[in-house]
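Engineer: Sequence:
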Amino acid sequence: MVNPQITTLAIVLGSMQLSKKIPFDDPNVLLGVRALYVLSNLIIFGLYYYIGMQIKKKKDLTTLKYLEPAPAGSGEDAKLVTTTNMEYDNQQLQAAYKSQAMAIAMLMFMHVYMKYTNPLLIQSIIPVKSMFESNLAKVHIFGKPAAGELKRPWKAAGGFMGMGQGEIKTDKASIEAAERAGRGGAKEE
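Residue 91 in full-length UniProt numbering sits at position 91 of the sequence shown, and the numbers go up by one each step.
If you're looking for bench data, these hints aren't it; they were derived computationally from the structure. Any given hint could be a false lead.
Here are the simulated DSSO-like cross-link-like pairs (lysine-lysine), alpha carbons at most 27 Å apart as the crow flies [claimed, not checked]: (1) K57 with K129; (2) K79 with K59; (3) K21 with K155; (4) K115 with K138; (5) K65 with K172; (6) K21 with K115; (7) K129 with K79; (8) K138 with K151; (9) K115 with K58.
All of these numbers come straight from a predicted model, not from anything done at the bench.
Could you put the whole structure together from the sequences, leaning on the hints where they help?
Structural biologist: Okay, structure coming up:
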């Protein structure tokens, strides 16, 4: 299987070259690219809505316990989280909605205020690709079993050069140690 980061890089570079050839000065072309951007976001939000419906339909109340790493540099201990697969998936879905809304806000600022048009084309493709590659889509759209790489809790995407938060721990010894130490453990609402 091809690495998703390599395909994303290829798409970005290809669409950057393509955007140099697109006459954004033509109002009809610009309207078409804007329509493509709106359509791609409607597809993304529509699929997120479908994923939400699948989460509710499955109603997976299996208990999920894991140690959530403390924010980098905070000096705090990892926090024990006790939830269900359904609640966990809903949290991941809400984070995806928020992330997409922030991306739209940033692009609108760049397009409306700063008059950049090239990112419209790139951002019409990359977020759709990323959504289809997400763990939520793999489990709830493509029906892959939540095992192996898709076993919850999912590994967070690496930050800048793989830095950021520590690793989520799910081993029994770490969870029992956190429960004895009294670090969290209350079921999240």
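Engineer: Run every hint past the structure and note whether it holds.
Structural biologist: Evaluation of the provided hints:
| no. | hint | in the structure |
| --- | --- | --- |
| 1 | K57 with K129 | holds, 25 Å |
| 2 | K79 with K59 | holds, 25 Å |
| 3 | K21 with K155 | violated, 39 Å |
| 4 | K115 with K138 | violated, 36 Å |
| 5 | K65 with K172 | holds, 9 Å |
| 6 | K21 with K115 | holds, 18 Å |
| 7 | K129 with K79 | violated, 32 Å |
| 8 | K138 with K151 | holds, 11 Å |
| 9 | K115 with K58 | violated, 44 Å |
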